[in-house]
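When you get a sec, could you build the whole thing from the sequences and use the hints?
Chains as they are written, first to last, in the working numbering: chain X, 1 to 346; chain S, 1 to 556; chain W, 1 to 382.
There may be inaccurate statements among the hints.
As the list claims (entries may be wrong) - The list that follows gives simulated cross-link-like pairs (lysine-lysine, DSS-like), each with its CA atoms no further than 30 Å apart: (1) S/LYS280 to S/LYS254; (2) S/LYS398 to X/LYS343; (3) S/LYS128 to X/LYS343; (4) X/LYS343 to S/LYS254.
Stated by the list, open to error - A few chain W residues facing chain S, derived, Cβ under 10 Å: (5) THR246; (6) ASN250; (7) VAL259; (8) SER260.
Claimed, not checked - Every beta carbon over 12 Å from chain X, so not counted as near; a handful from chain S, in silico: (9) VAL237; (10) VAL292; (11) ASP316; (12) ALA387; (13) LYS423; (14) PHE429; (15) ARG433.
These aren't lab readings, by the way, just hints derived from the structure by calculation.
We treat Cβ as the ideally placed atom computed from N, Cα and C, and that holds for glycine.
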Amino acid sequence: MTWVTKNRTTLILLAVVAVLAYVFYIVANDIAPSMFVAAWGYAIPLVLASLVGVIGERSGVVNIGIEGQMLIAAFAGFFAAAYSGSILVGVLAGVGSGLIAGGFLAWTSVRWRMDQIIAGVVLNIVATGITSFYYTPGQLLPGVIPNLDIPLLQDIPLVGEVFFSGRSWIASFAIIAAVGVHLLLFHTRWGLRTRAVGEYPSAADTAGVNVERLRLVNVTLAGSLAGLAGVYLSMDASSTFERGMTAGRGFLALAIMIMGAWRPLRAFAMALFFGFINAVASQLQQSGLGVEGEPSNILEWILDALTSPQILATLPYVAVLVVLGLAAGRVRAPGAVGQPYVKGDQ
Amino acid sequence: MSDPTPTGGTPEVEGTPHPRGHGDTSPDRLERIATTDAARELPPERSGFGEGVIGEVLLDIQHLSKSFGSVHANRDITLNVHRGEIVALLGENGAGKSTLVNQIFGLIAPDTGTVSVKGDSTPIKDPKDAINRGIGMVHQHFQLVPVMTVAENLMLGHETTKGGIVLDIEGARRMVRELSERHGLTVDPDVEVDDLPVGTQQRVEILKALSRRVDLLILDEPTAVLTPQETDELLGVMKELAASGTSIVFITHKLREVLAVSDRVYVLRQGAVVGEVATKDTDATGLATMMVGREVVLSIDKEAATPKEVVLSIQDLQVKDDRDLTAVDGFSLDVRAGEIVGVAGVEGNGQRELVEALAGMRKVVSGQMTLGDLDLTKANPHQTHHAGVGHIPENREKHGLVSAYSIADNLVLNEFDQEPYAKNGVRQFSAVRENAETLRDEFDIRSSSVMQSAGSLSGGNKQKVVVAREMSFEPKLLMAAQPTRGVDVGSIEFIHRRIVDARDRGAAVLLVSAELDEILSLSDRIAVVHGGKVVAEMDGKDADRTEIGRLMAGDH
Amino acid sequence: MSDTTTEKAAPPPAGEEPPEEQQSRGGALAYLIAHQSAVVIVVALVIALLIGAVLIRAQGVNPWYAYETLIQEALFYPGAFTRTLQKTAPLVLTGLAVVLPLRVGLFNIGGQGQFAMGAAMGAWVAYLAGGAGFLGAVLGMVAGIVFGGLVGLLVGVLKAYRGVHEVISTIMLNYIVAGVTFWLVVGPLQAERSKTSGIPQTEPIPESARLGAVAGIPIGFVIAVALAVLCWWMLARTTMGFRFNTVGANKSAAGYAGVSINRIVILSLVFGAGLAGLGGALEAEGTLHRFEPAIVGTLGFDGITIALLARANPLATIPAAFLVGVLRTGAAGLQFSTGIAPEIVDLLLAIILLMVSIPVLGKWIFRSRADKVSVASTSWGS
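See below:
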C-alpha cells in the first residue's frame, strides 16, 4: 500500500491519461486508432534514443551525438542488408555501428577528457559526412524485419492493438528496454554505482568503484540502443535510407530525456506524448483545414499560416520548446554530468 | 594559532600512556597475523615483535617522494604506524599532508619510495586495493553522494545484494544500524545525506569507512566542521577505536587536538618530515615551532578599537539556501566603522548565505540591510561594490578569482569598467598593469610576473590577490569569509595584519570564520550564530572559548 | 581573452608551497595557447588530407589530381577567386555566429535557422526598398540582423530565464524557422513568377540594391571580414568583451564581479544569431538576389565546423571559412572532371574537424601532460 501512496501523482496522471485516451477513442472512433498507432510508431526510435541519453547522463556523460549514432546505424544497417542480402546482417551492422560510435564518444570524452558537447557535435558532423558521401540511391532491402504479435496482450482493447500487434520485434524490445533500464538503474548494484558516478564521482571512486571504466562501458553499450533506433528508421519504419533521415530525432530524444527527468519510464511516456503530437499534426495536415483562396487580412494570414502543412509540421518542435520552457527548474540533472573526472579532485 | 592551554572539560593532555596495542608480542602471534614471508622475517625493530616492543607495524613508509611538475609535494618521507597507535600528521596548509595520505589510500601513485601495509610492500593501485588491504579513509571534504540515502552511501562499493545483482536495501539498513550501535554514532539509514546537518554527515562519513574491515583509519582534518563539543566526541571515538586495535592516522593543523589524543606526532613542513616526537615529550610551542620553523607568535598584536558610527545595520534578515530552505532566519547585527565584528559559528548555520546576501549575490526574503544611508537589501554585486563593500569570498576558486585570467586582470575583476582601467568601454591595459605592479609590491604577492595566470599561484598568494583587490579601494565595509582557509602561516599572519590595518583606517570589518582561534584573535566584538540567527554577542576581551563552543552548538 | 596575455607560470621560488588544485571545470579556454594550436592545426590538416587522399583513391581517382583540380577550380580559373570569396563571406558570419556565444560558454548550433530567417526577411526588405538603391541593400542587411537576432533573443531568454539548454532550442528553431520561411515563400512573400513555375522563391531584388564586387572582391566579403575584426576587437579590448570572456571562464566569479550573467547570455546569442542573419541577407543580396529555401544549403552547419577549427578565435574564422569556401567552390568542378560527388567536401571537412578536435593529437605532438584541452567548455546542467 505504501508504494501506491508514494507514487500517487504518477498513478493519478496515468489514470487521467487513460480516461482521456479512452474518451478520445470513443468519440473519434474513425481516426483515433490510426492516430495512436502512428503515435507509437513515431515514438519507438525516440524511446530507444532517449534511453541512450538517460544511461549516458546518469553516468555523468553528455551525449549530443545520438543523432549521429542513429544516422550512421541507419546507413550501415540499410546498406549492409542490401549488399549482403541478409536482414540479420543489416541489423547487426546497424547495432554494431551504434556501439562503435558510442565507443568513440566514450573514449574521447572520458579517457581524453574532450569537451563532451564538442565531441558529440563532431560525431554528428562526421556521421553526416560519411553517410552523405557514400550514399548510393536505388538500393533495396532484401526483406523485412519480422513482426511480433504477442498472443494474449494483443487482445487488450486499444492498448493491445497499438502496442502488441502489427509491429516488429524492435517495437516490443523498446518497451522491454525502457522497463529494463528502469529496473537496472534503481534496483541493481550496477544502477547504484552508475548513479553515484553521475552524481558525485569521487564518492564512488573512494568507495572502490572504477569511475572511468564504468563510464566507458556504459556509454559504449548504450550506443547499441542508438544503433537499434537507427536500424528501425531505415529498415522498419521505412525501407530506405535518405540523407539526413534522422531529422533531429536525436535532439528530440535529449529533450525527452530532460522532460522525463532522466527516468526511463517517464521518458517513455514523454516519447509517447511527442508521438501523439506528431500524429495530431499529420492528422491536421490531412484534414485540409485552411482559408479559402488568398487571405485578405492579417487574421486570415495567421490562420492560413497555422493550418498550412509547413507550419503544422513544426508542431512537435514547438511543443518541445513549450514543454521545456514550462519544466524549467523543476527537473534536476545528475550532479556531475558533463564534467570529466580527475582523480584526487576532492 | 590555537590556544594550547587546556581548559576544564577537554581530554587529558598530560602523560599520554604508552601506545595501546594487543600487548601480545610473542612469535606465535606474529606467525598468526603476518600475511607474507617478508613480514615474518622482519627484524624486531621493524615488526614490533620481540621483547618489550609495542606491536605490529601496520604502515611503513620509506623514502616516499611525490612531485607535481616542479612542485615537490612530498620529499623523502619516512614514517610508520603501529597497531593500536594514534599518529598525528601535523603541518600547516600546503605542507603535503593530504598528498601523503592520498598515496596511502591509492588515489595518487608515489614517484619513489614504498608504502608497506602489514609488511606487504606491493604498490597500492587504487582505493579498492587500499580498502582490501585494510585501510579506510575519512576525507576532509565528505565523499558522500548528496541525493542518496545514508544506507545507499554506506553500501556503495560493497553492496548487499540478493543473488549478486539485485540491491538489498533492507540488508544495508541493518548494516547501518549495527554500525551505529557499535560505535555510538547514531544515524538514520533512510535520510538523504544532503538533508543532514554537517556534524551528522561527518558521522556518516566515518561509519562509511568503518563499514569495511579497517586496520588503519586515516582521518583528514576531521574536526574542521565540528563544534568544540562534537570535536571532543570525535576524539573520544578515535581513542576507543585505537584501544580496540584500529590504528589511526589523523591530519590536522590544530595543536590542541594533537596534544589531546595522539601517541606520536610527525611534523611536516614543505613536504618533508621535520620532526617526529612522542606526544608526551612535547607541548604546543614546541610543535608550533617545528611546524613553521621559527618562533611563532601565537596571537596578533593589536591596539584597542575605537569604533565610530554604525556602518552596517542588518535587521531581521531572512535568506534561503540553494535548496530553498531558510538558512538565515531573523539575523540582526550592527557593525561600526573602526571595529572588527567576528561571526563565530559552525559551518552550515547560514553564514555563507548571509555573506552572499550582503554582497548582493543572493536574494533576500525579508528583512533589511543598510550601509550608512544606503539600502542594500535589493542591491546586486555591482551596486554593493560601488557602494563601498569589499568582499573576500569564502570560495576563492569559485567566486574570488578567474584562474585562467592573469593576476593583473583578477586585481581589477570588479572595477574593470571603471576609469582608469577602461575609457568609454575600451580597456586600458597599461593602467591595469600599473595597478597590478603596485598591489603586488604592497601585498607581497609572490609571482614572477603580474601577467602570470592566477591559477598557477599557491593558495596563500591567490588569497593575497583577493585581499589586495578588496582592500585597495578603501572599502567602507570589508566582509571577510574564511579569509585564511587553505593558506600558509606566513600569509595568514600577513592577512590578519592587513585586516587589522583596514580597521585602523576606519573600515567596518565583518569577519566570518569557522576557525574559533581566528575569531578570538582578531575580533573586537563577537557574535555567535546558530540556526541562522545571532544567539549571543560579546566583547572580544570577555570571550570564553567553552562558552562560545556551547553557543555554537545551540546550547542557549 | 584580453590582451594581457598570460604567460606560463614560473616554478614557485624555494620555500613556497605548491599551487593549489585548479578547479578548471568549465574554464579551459584553449585559445590561450596560441602558438601551440597553430602547429596542431597544420599537422591535423595534413593528416586529414592524407586520409582524404586514401578515400579518393578508393573511388578510383588519383588524389593529387583531385586536390589539384579542387584548387584550380576554386582559385585559378577565371572568376574563380571571386566566387570563392563570395562563398567565404557567409561562412565567416555563420562561423562568428557560433564563436561569440562559445566565448560565453554557450553552444549555438542554430546557424541554419538564423541564417534562413535573415535571408528571407533581408531579401524581402531589399525588394521592397529596392528603389532606394544601395540604401535598399543596407536596409535588407539591417532586416537580416534584426530578424536573425530575434531568433537568438528567443534562445537567450529561454536559456536565461527558463534554463532551456541552447543546444536543444537552437536545433528546434532550425526546424521551426525552416517551416516558417517555407510557408512565407509559398504564401505572402511569394513571387508572381514563382506561382506559375512552382519553384518557391521571393521576388528578385532590384539591380540597384544588389551587392556586387569591387575589383573582384565581393562587397559581402569585405563586410564579413570587417565584422570578424570587429568581433575580435570587441572580445580582446572592450569591457563588453571582458564580460563575455569572464562569464565563459567562470560564471560564478562573473556574478561576484557584478556582471549580469543573464544579460550577457542573451546578448551573446542575439549578436551571434544577428551575425548569422546578416550572412543570410548578404547571401540573398549578393549571390542569389532573392530568397528560396535552398539558399541555406550547408552554410549554417559549416559555421560550426569553422568555429571549432578557429578555436573560438574570431580572426581565425577568416582562414577557416576560406578553407571551407575553397573546398565547396572547387567541389562542383571536381565532380565535372572526376565524377566524385560534391559531398566529398562534407567528408573531408568532417575528417579535418575530427583531427583538429581530438586532444590526443596535441598531446602526442608536444608530449605534454593530459590537460583538459578544449576549445571552450560548455555548460550542460547549469
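- Message: I'd like to know which numbered hints this structure contradicts. Please list them from smallest to largest.
- Response: none
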